[in-house]
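All chains should be modelled from the sequences, with the hints used to inform the complete structure.
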Amino acid sequence: FAGPEGTDASAAGLDRLWTMAAGKGEPKSIRLFAQTYLLFHHPGIGAPKEDPLFGVVKPRLVAANYPVERVRELFEDPRPDVRRFAVTVGQQELVRWGERDLAYALAASEYKEPRKLGCEILLEIGEEHEGKPKAPADWLIPTRVFALAESPVKATREVASALIRRHYRKLGGAAR
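Numbering (the working numbering), first residue to last: 296 to 471.
Don't read these hints as lab results, they were simulated from the structure.
Hints are not guaranteed to be accurate.
Claimed, not checked - In silico lysine to any residue, SDA-like type, Cα no more than 20 Å apart, as pairs:
no., residue 1, residue 2
1, Lys344, Phe328
2, Lys353, Ala342
3, Lys353, His336
4, Lys407, Ser456
5, Lys429, Glu394
6, Lys319, Asp372
7, Lys353, Pro338
8, Lys449, Glu415
9, Lys344, Tyr332
10, Lys407, Leu397
11, Lys407, Glu445
12, Lys411, Arg395
13, Lys411, Ala442
14, Lys429, Lys465
15, Lys411, Arg461
16, Lys429, Tyr399
17, Lys411, Glu422
18, Lys319, Arg367
19, Lys465, Glu453
20, Lys344, Thr331
21, Lys407, Glu419
22, Lys465, Leu435
23, Lys323, Thr383
24, Lys429, Val363
25, Lys465, Glu419
26, Lys411, Asp376
27, Lys429, Leu466
28, Lys465, Trp434
29, Lys407, Arg379
30, Lys429, His337
31, Lys465, Arg395
As the list claims (entries may be wrong) - FRET-style restraints, in silico, Cβ to Cβ:
no., residue 1, residue 2, range
32, Ser446, Val351, 40 to 48 Å
33, Tyr463, Ser305, 45 to 53 Å
34, Gly421, Ala442, 13 to 21 Å
35, Arg452, Ala307, 39 to 47 Å
Where is the CB? At the ideal position from N, CA and C, for every residue including glycine.
The following block contains the structure:
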């Protein structure tokens, strides 16, 4: 995937893969190939257990190769495969990115895939689970939670209601 002679081959190759995975003019088959490659080589995702390459393909990339700047706009892409790719990366990286505002934006998204991810991240605030990192308690922003409660999307309103019930005092209680 490397670029022309004289360029940093790994950086150029990674840029090319991201372009192939989500580029506006890329055919779906090329996008899916590049998305699969990027997912299989993510240190926290890798090949699915049912895939014959599970355990064979060793991740060659690091979390830093999946920056928020590359993924943020993909959450609102009109193509479902690109959104699903972004969500898969976001499931592993959103908390590491430290982007609490992005979690709220995703929860309010018009598209179901990013909306589901945003809602899951917000519902896990303050929860203790093993495995991937969970959103810290300081991600709970009263004005943002109450704004989600006024969403035109029923699922988003329900998540906001659940957050209000779970974190009633932290959100300001009856005064809010």
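Does the structure break any of the earlier hints, and which numbers would those be?
-> Going through the list in order, the structure violates no hint and respects every one.
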